[in-house]
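Q: Line by line, the protein sequences give chains W and Y.
Sequential numbering of the first sequence, starting at 17, is according to the numbering used here.
Sequential numbering of the second sequence, starting at 57, is according to the numbering used here.
Hints in this document: simulated from the structure, not taken from any laboratory.
These numbers come from a predicted model, not from an experiment.
Some clues are possibly wrong.
As the list claims (entries may be wrong) - If we take Cβ atoms under 10 Å as the criterion, some of the chain W residues that face chain Y in the derived model are:
no., residue
1, LEU25
2, MET33
3, ALA43
4, ALA75
5, ALA84
6, VAL176
7, ARG216
Positions of the beta carbon are idealized from the N, C-alpha and C atoms, including for glycine.
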Amino acid sequence: MTHLDEGALQELLDGEMPAGRSGPAEAHLAGCSACAAQLSELRAGGERMSALLGAGDVAAPMLRAQAAFHRRRRGAHPLARTGRGLSRAAAVMIAIGGAAVAAAAFPGSPVRQWVRETLLTEQEPAAPAPAPVVQAPAPPPEAAPTGVSILPDDGQVRVVVSGAGPELRVRARLSPSPQAAVRATGAAAGTARFRTAPGRIEVLNAGAGQVEVDLPAGAESAFLEVNGRVYAAKEGQALRALTPAVGGTADQPVFRAGP
Amino acid sequence: MTAGSHADADYDALFRDVYPSLFRYLHRLTGDTDSAEDIAQESFVRLLGRGLPADEARLWLFTVATNLFRDSARTRKRRERLLTATPWKPAALPAPNEAVEREHTVARVREALGKIPERDRQMLLMREEGFKYDEIARVVAVAPGSVGTLLARATRRFLAVYDGELEEG
């Protein structure tokens, strides 16, 4: 295989390389010191840039912004415009009704004749209109699973899921593959972002849905960390759950990513 | 629950989920808290009544916010003033005080962001907020397959300008 270009290496780092290309690319990386060195350089540059950009961050003014948004929403609520529209429509209807009543009061008036023929004649009540058929909205297309895999670094591997909401489920298991792999499915496939570092996969911004974590059984040590807590660790040849699972099986526990 | 209150709940949830990220993005882009707050607020107000699903709404908000930032001459002037107010001079390093050093770093970061091409800046900041390549590609109008290469170059360019090795702009 030829060397990996800069774009491919960046895709690997960001977990954006399609599954069909990432396997061969990582196999090449494992045996090519030049590409591995370039990957390390890109990773270091990205981490340095992230740290620099974050140096000036300030906390978002959530409470003030939420209050302002509530005020603007009330001001922009369509009900207010509808209300003004109804007032004008009501005034027009009252004027027309008044004129009709006045016209109907005159004997021989065509309006009086129309009122007698249509409003004062008993008629068969019309059959109720059939209820409109409402098409159920089509479910949104589910995003294709996304993921990333790495080889352990010096026998160590750690998968870190950060900022996960309580609705996220994380399934862990030991895998015969030499690589650690993470796959986001369901809603998480559309939101999760991946970062890799030597022996480490970070999963950021996973909302609802599920994250599937395969830890290599051959690694010397392997951990799954969620929101700052170790949820599972490789112990001997088995996976040990360090927090209560909410589903799955003993060797493939499913955790809730609660705080 | 009425349809209206459901929509209100959706807006509340969306605001809670997206606002911190949008504010951080805009703060990095403008270098100014007030501008970031104003543009983020205006973006959410423009979203009202559009009925976009949450996953589309996030990208829509960032796109609108970026356009508001770009189109606002007043904001641009303020940004340029902020970006050039504290140019980095290696010979005039302040005393080794942590807070002062942080301010110095922040000023240099803003200066570097202001000097790299707008597309690079936008791609880097969007990637930092967790957008995927195909989303970044849609907003900056490039081929999805080129995003990796462009991001790698943009990162290198930003760091080179930050380190004073490259003059851009």
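Q: Hint by hint, say whether it matches the structure.
A: Outcome of the hint check:
A distance limit of 10 Å between C-beta atoms decides the matter here; for LEU25/W the minimum to chain Y is near 7 Å, and the interface restraint holds. Residue-level restraint check for MET33/W holds (minimum Cβ-Cβ distance to chain Y is 8 Å; threshold 10 Å). A cut of 10 Å between beta carbons decides the hint on ALA43/W: the least distance to chain Y is about 19 Å, and the hint is violated. For ALA75/W, the interface hint holds, since its Cβ comes within 10 Å of a Cβ in chain Y; the closest pair sits about 8 Å apart.
Annotation: interface hint on ALA84/W holds; nearest CB of chain Y at approximately 6 Å, less than 10 Å. Nearest Cβ of chain Y to the Cβ of VAL176/W: about 15 Å, over the 10 Å cut. The hint is violated. For the restraint placing ARG216/W at the interface with chain Y, the shortest Cβ-Cβ distance is roughly 18 Å, beyond the 10 Å limit, so the hint is violated.
Hint compliance for this structure: hints 3, 6, 7 are broken, all remaining hints hold.
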